[in-house]
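Trainee: Going down the list, the protein sequences come from chains A and B.
Each residue of the first sequence is one higher than the last, beginning at 193 in our numbering.
Each residue of the second sequence is one higher than the last, beginning at 193 in our numbering.
Calculated from the structure, these hints are not laboratory results.
Errors might be hidden in some of the hints.
[Said to hold, decoys possible] In silico EDC-like cross-links for lysine to aspartate or glutamate, where the CA-CA straight-line distance does not exceed 16 Å:
| no. | chain 1 | residue 1 | chain 2 | residue 2 |
| --- | --- | --- | --- | --- |
| 1 | B | 347 | B | 322 |
| 2 | A | 398 | A | 323 |
| 3 | B | 288 | A | 323 |
| 4 | A | 288 | B | 294 |
2 protein chains.
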Amino acid sequence: MSLTVKILGCGSALPTTYRNASAQIVDHNGKLFLVDCAEYTQISMRKAGLRFTAVNNIFISHLHGDHYFGLFGLLSTFALSGRKQALVLHCPQQLKQMLTSEFSPVNIKELGFDVQFNILSDDGVNKIYEDKTFEAFSVPLRHRIPVWGFIFKEKMPLRNINKACIEKYKLSIAEIVSIKAGSDLYLEDGTTVPNKELTLDPPKPKSYAYISDTVCLPSTAGAVSGVDVLYHEATYEALLAERAKETFHCTTLQAAQTALDAGVGKLLLGHFSGRYQETDTLQKEAQTIFENTVCAYDGMELEI
Amino acid sequence: MSLTVKILGCGSALPTTYRNASAQIVDHNGKLFLVDCAEYTQISMRKAGLRFTAVNNIFISHLHGDHYFGLFGLLSTFALSGRKQALVLHCPQQLKQMLTSEFSPVNIKELGFDVQFNILSDDGVNKIYEDKTFEAFSVPLRHRIPVWGFIFKEKMPLRNINKACIEKYKLSIAEIVSIKAGSDLYLEDGTTVPNKELTLDPPKPKSYAYISDTVCLPSTAGAVSGVDVLYHEATYEALLAERAKETFHCTTLQAAQTALDAGVGKLLLGHFSGRYQETDTLQKEAQTIFENTVCAYDGMELEI
Chain A
193 MSLTVKILGC GSALPTTYRN ASAQIVDHNG KLFLVDCAEY TQISMRKAGL
243 RFTAVNNIFI SHLHGDHYFG LFGLLSTFAL SGRKQALVLH CPQQLKQMLT
293 SEFSPVNIKE LGFDVQFNIL SDDGVNKIYE DKTFEAFSVP LRHRIPVWGF
343 IFKEKMPLRN INKACIEKYK LSIAEIVSIK AGSDLYLEDG TTVPNKELTL
393 DPPKPKSYAY ISDTVCLPST AGAVSGVDVL YHEATYEALL AERAKETFHC
443 TTLQAAQTAL DAGVGKLLLG HFSGRYQETD TLQKEAQTIF ENTVCAYDGM
493 ELEI
Chain B
193 MSLTVKILGC GSALPTTYRN ASAQIVDHNG KLFLVDCAEY TQISMRKAGL
243 RFTAVNNIFI SHLHGDHYFG LFGLLSTFAL SGRKQALVLH CPQQLKQMLT
293 SEFSPVNIKE LGFDVQFNIL SDDGVNKIYE DKTFEAFSVP LRHRIPVWGF
343 IFKEKMPLRN INKACIEKYK LSIAEIVSIK AGSDLYLEDG TTVPNKELTL
393 DPPKPKSYAY ISDTVCLPST AGAVSGVDVL YHEATYEALL AERAKETFHC
443 TTLQAAQTAL DAGVGKLLLG HFSGRYQETD TLQKEAQTIF ENTVCAYDGM
493 ELEI
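So that you can see chain A by itself, here it is in the shape it has in the complex (with noise of 0.2 Å):
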């Protein structure tokens, strides 16, 4: 099982010409699973060496360009690289409405392959992807327009059966899958093998979220709660907590504080100002509250 974060962006709007914008991928054993799609993140993919044809859901956090403006690039691309495999956008309502418009900029009725909607709900967390070891959330943040942050978790795997058992009990495949289910074990004799005896703890399941763009939340460290790693943004130093007030986002230490009230391993900040550069006075600033902190780069490839 693996489970691997890809920066493909974490700039924020203004462009620079050293980092792009908001986009990453969340690589669970090949499954892409692409985060927000700013402008140039179809090429970003392309130097990455990530298949697009791994790619078969898209979650938009919200309706600012820098977090959805290559979609259409990337749709148009899937389209003209004979993509047939439906595509499942997680989004707002009004990327909906907009992409099935009359004047859309990509007519998605002749993308040659089917783009199913599941629009966001501003009800609270809830469960938006699902397969048989991963599952994906959706949390309301909140920002100038409607924003959602996303989580993604692995689900409990199977125990492990333990060897020696196997043959010592000389175990059925039928008994063995039950005892990985969870089954306690049911001798001729009468007597009864606990589970826990069979069966080795499964490694924990990883866990992921992304929180980009929003004012500091109280209830965002409750919906991360104990995730192994937190992107949160962290747009402004602790010294523009004002100008991070007014345009809805925040600093170093609201997201290092969020980190710590969610207890969660590790935090990547990013969506940084044009204005830095350098990051490590970023990191710095929220290592006071957060030890476990790291500031995200174009590039970077993160194993949980």
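Once you've looked at the hints, dock chain B against the given chain A.
Mentor: Frame of chain A, contents of chain B only:
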């Protein structure tokens, strides 16, 4: 008087790691005319140190994404940067419909500056821009959707006065202005000094044409006749003429034949298919018909 073309992108639709899609700057004495605006144009402009405020006219050839998907981000950035000056979009009708529709990616009513639409006409070559020293024309081309090329021309400058004559005839300011505009000089003794004895030829006005995307059209050579530099799409090598025809594009040899027929000074090839990382072969092919051919590359600056 200076006229320079700056190539921001000269690739075609499918994204590559080595070439951006179509965008270029025509720089006339510091006034910047943006021609097409693919994704990443605003960042390329930043990298090239081109001032956003020097752009007051944007020319969009057609509505395939690799020619205009960077416009949404650029307009948003103009707004975020506090732009107040009006912007003219010389573009197909459908772009106006898109940008003024309810679900447009950018709300042009809230940009903070005026966007004026100059809708391109199907009816022959039309003057679409003019200032004291420079003008631009649209040229209908033929592609899978409506498309136009653009011609940029310096106006014929005033004649340069021969400085020795100022002293010799004790010319007044009014007389100098009149002579520069082409008048003869009438002396008090009734004789006339012809203008050509008082003035020197001004520098030849410079001109540039942008032709992309199109099938090979006989009418193009007439429209761009005699320009100093012709940028012409050459999406494919000659061997792929059938593919070029199917996709409504040109080959190297077709571009070169147009340059030859038009009697241009120099041919600049561009809009290369992603299959060509190196363009030496394309250049050599075109040179078999039109010797003074060069291939564009991202970052190229060509003084005309």
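Trainee: Measure nothing beyond the straight line between the CA atoms of residue 288 of chain A and residue 294 of chain B; if it is 16 Å or shorter, mark the hint as holding.
Mentor: The given pair, whose Cα atoms are some 13 Å apart, holds under the 16 Å limit.
Trainee: Residue 398 of chain A and residue 323 of chain A were given as a pair; does the straight-line alpha-carbon distance stay at or below 16 Å?
Mentor: Judged against 16 Å, a Cα distance of about 15 Å means the pair holds.
Trainee: Holds or violated: are the alpha carbons of residue 347 of chain B and residue 322 of chain B at most 16 Å from each other?
Mentor: Answer holds: residue 347 of chain B to residue 322 of chain B is near 9 Å, not above 16 Å.
Trainee: Decide if the proposed pair is consistent with the structure: residue 288 of chain B and residue 323 of chain A, CA atoms, cutoff 16 Å inclusive.
Mentor: Status violated; Cα separation ~42 Å.
Checked against the numbered hints above, the structure breaks only hint 3 and satisfies the rest.
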